[in-house]
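Work out the full structure: start from the sequences and follow the hints.
Same order as they appear, the protein sequences are chains A and B. The first sequence maps to residues 1 to 364 in UniProt numbering. The second sequence maps to residues 1 to 523 in UniProt numbering.
Keep in mind the hints are simulated off the structure, nothing from the lab. Please note that the accuracy of each hint is not assured.
EDC-like mimics (lysine to aspartate or glutamate), calculated; alpha carbons at most 20 Å apart, straight line [said to hold, decoys possible]: (1) A/K190 to A/E129; (2) A/K325 to B/E518; (3) A/K325 to B/D514; (4) A/K345 to A/D279; (5) A/K325 to B/E433; (6) A/K351 to A/D133; (7) A/K121 to A/E149; (8) A/K325 to B/E492; (9) B/K444 to B/D245; (10) B/K298 to B/E329; (11) A/K325 to B/D247; (12) A/K288 to A/E360; (13) B/K285 to B/D247; (14) A/K125 to A/E201; (15) A/K106 to A/E129; (16) B/K305 to B/E283; (17) A/K325 to B/D430; (18) B/K259 to B/D314.
Note that the structure is predicted; figures quoted are calculated from it, not measured.
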Amino acid sequence: MSKNISLYSIWLLILHFLTTASSKGIYFVEEKNDQTYAEQISGNVKKQVSNQILEILDLEDHESTASRYESPVASSFMQNLYSEMEESENNLRVPSKAQDWFNADKVVSITPIDISKQTKKFKLKFALEDFPDANENTLLAAQLRIHVEISDSLSSRISYMSGSSDDVQVATVSKTDPTAVFNFTSSLEKWLEKRDKTVIELTVEDGHTTSIDAFIVSSFRDNGFRQPKRRSRRAASTTPISRPPGTSRKIQPLIEHDGSTSCKKQGMYVDFEALGWKDWVIAPQGFKAYYCAGACTFPLHHTMNATSHAIVQALVHAVRPNAAKEAKCAPAQLLPMKILFVDNKKNVHIKRYRDMVVQECGCH
Amino acid sequence: MIELVSLSALPEVLSVSCKCRIVSATLLGRHAASPPRPATLPCSTCGSLVSINQVVPRVAIDLSTLSISHTAVGCRFYIATSTFSLGGVSCIVDVDRAFLVYSIKPRSLGTSSTKKEALKRYTGPRRRPRDDVRTRTSSAVRCLQPSHHLLDSEAAAKPCAEPHVFSDTDMPIMNVIATVRLLLYLLTVLSSLCDVDAAKSSVFSTVDAEMVKKGFLRKFGLDDVPVPHGPTISIPTHVWDIYHDEDYEADWVRHYYPKELLEVNSGLILSFNLSVAARIASEEKVVRALMKLRIDRKASKCSEKSVISVFFLDGNQRLLLGSQGVENETDWVDLDVTGAFSTSSIDTVSFAVEFSEDLSLHAAEATSISSLPFARLQSAPLIVFSESSKPSRARRKRSTNERRGRRRNRKHHRHDAESHLCRKAELYVDFDELNWQDWIMAPKGYSAGQCIGGCPHPMPAHLNASNHAIIQSLLHSLNPHDVPPPSCVPTETSPLSILYVDVDNVIVIKEYPDMRVEACGCR
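Below, the structure is given as structure tokens:
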């Protein structure tokens, strides 16, 4: 009997362990003690949080329509580009050639909706709707990249022709460099501007190969970053999240907001995996957003990064507490963040979001 | 009586009001590795410097002319930062090693019993009162020519090298009570020679206001409240003209009177001491320099053309900077002397001015005999326009009067239902009320504005929230205990120009960035 009970409790323990380990949730990192306090979210709340963050990121709810051909070449190209962009951000040097790519707000790789082989020719069809809206985005650069499988050591000439046949480019591929890269900027610009056809057809001539892997990679600058239109749409549908009763769990507060701590950066981590985005967000798995908290009480110490206005306001507050509020602790500098993800149509995107990560806090 | 107190031995909290006047005070602290030559730090208020002895390295800042020293209550000193840079080496004032040395002149002699009591009550065990040392005046502190300025340096400054034990037997000291608040890096020193009132005042005192003022000043490169010496000067019209002209582009405008004015055969030799006012020469670039000369005409044969020439005296060299014809009616002559400022870090600049025979420098009628030399100096000011060489924000148009700020208020006022939301509210800062009128000549106050209101979830669109703020707001709604809501803070600010008189009658117009709120948002 007692053996049964102990077995049972061990089983319960394992079960508990599994549930804890599987749902990490959005969690917060207390940096002070190097301890992580996890706040779990699940079920309905998780769905709501996920939707709201999707809305903040201006992304669509990801329901995989897996009918489209997924190019492994495009995926690996985008992943490399993403790593290079991350690296250049750390090194603070951007090769001038790569400006259009590294400084873009969006980089999208679009795979053809159809590739058909005719004799020695491939016809590629791209859908206009796959590309970002030209009103909200300015095209910076575009490339048509064609990857061919070459079995022998001979090089092969590839030429491509756009539907209107006024643009013919030739490139050479070899076994060591099996990708032909064509400048596609002006062609795509024209097409996105006119929008007269929903499908663009390209013809690729190649003498040797039987199959090709092709995609268009294009970079854009976002015109609509601070447009109120987007904001209001976002704000209108964002509703307060009500927790199911009993799920609100008071964890040990990370900091005391009673003024005992002076204004500084605090840990906060948003975990994409916990939001159920693992399938389609390739990188990062989550991000340290941080937040600013603490008191900006007089006298403002120089590490509190106070603005002149904050100093004046703190002084007036000290003289006439009713006339002026105390200065507030808020981010002094925010950094952008990039997300590498696959959209519903299996196209791979790199998207840059401004003001996502707190770099520095200060009294304002 | 000489007193030397290490701050670490002092009580944690002390508040004392005293009726006394500090005659001289010196803060001593150890500094970094001995500089190659005796370095100097400014006595920020009087413009004089106390040398740092190479043999017994120490940092001494003369505090004797602080304006609070003249007030009857609250002899507290604050040092808002404990780090500074010395000859390119960053130092930290070691609070264990920092102490205040000062002498006090009692108001009356009848307080000696109170004095003794106060000493018993407030001094740490290390106090070693010495007898029969008379109160000495501030002349005991040697003042040298300034060449460096106390800087707020990075918080990551390296700790200083070898600690030095102070041996101060030659300093006039009376008694010391000090408080150290490590968290704020404050160094508070209270004197308690006279009537001691141990009750701690909870309201914001003049001393605290002084403290904030100093923090404010320090942020912009001033170490202390400038206390003009000698007769109070009036601001010349041409300075007001510059102040009200909103189109010039400079972070700093400084108006100097000559340090020396020598009459020579053919004209004048003028030398200006640029370093007396708060200035970090290495961080500034002179964009324009103007010498103004007020001239008198001699009744002579007017056949010759009236000409003034100005030369820059660079060591032994004499370089012609410009030559200018003078119109008949002209009273003031402007000479461009920007050429003298090609090397950025000069402390003293000298010029030779030559007049044609019919001209001479205006001999001002002085109001009294004693002000006569100064009146003459007023006829030959130098105006230096400089810009901060640090990378700064995009320059905006200057604005000096408070009404402009009001006019530019953003329309963030919504109907009453939204009045709790983040918005810009009025806040008029009256410099008189802050007791700043003694150093800020203009403006008298300004409309600073402030941001008030909440940043709720969901965030209304007009709150101008950043992506981060929206995410923080969402997480706050999930975890109100752990994540605070975003703050309603200024998202757009504009600068304000302030005119004040620095030490040695240097008139300064400084554009302070981020002084008024233009727009608020959730961050």
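Verification of the supplied hints:
1. A/K190 to A/E129: holds (15 Å)
2. A/K325 to B/E518: Holds: A/K325 and B/E518 sit about 17 Å apart, inside 20 Å.
3. A/K325 to B/D514: holds (17 Å)
4. A/K345 to A/D279: Judged against 20 Å, a Cα distance of about 14 Å means the pair holds.
5. A/K325 to B/E433: holds (17 Å)
6. A/K351 to A/D133: holds (14 Å)
7. A/K121 to A/E149: Satisfied, since the Cα-Cα distance of roughly 15 Å is no more than 20 Å.
8. A/K325 to B/E492: Roughly 18 Å separates the two Cα atoms, so the pair holds.
9. B/K444 to B/D245: The hint holds at about 17 Å.
10. B/K298 to B/E329: With Cα atoms ~13 Å apart, B/K298 and B/E329 stay inside 20 Å; holds.
11. A/K325 to B/D247: violated (33 Å)
12. A/K288 to A/E360: Holds, because 13 Å separates the two Cα atoms, which is no more than 20 Å.
13. B/K285 to B/D247: Within the cut-off at roughly 19 Å; holds.
14. A/K125 to A/E201: This hinted pair holds, its Cα atoms lying about 5 Å apart.
15. A/K106 to A/E129: Holds, because 16 Å separates the two Cα atoms, which is no more than 20 Å.
16. B/K305 to B/E283: Judged against 20 Å, a Cα distance of about 42 Å means the pair is violated.
17. A/K325 to B/D430: holds (16 Å)
18. B/K259 to B/D314: holds (17 Å)
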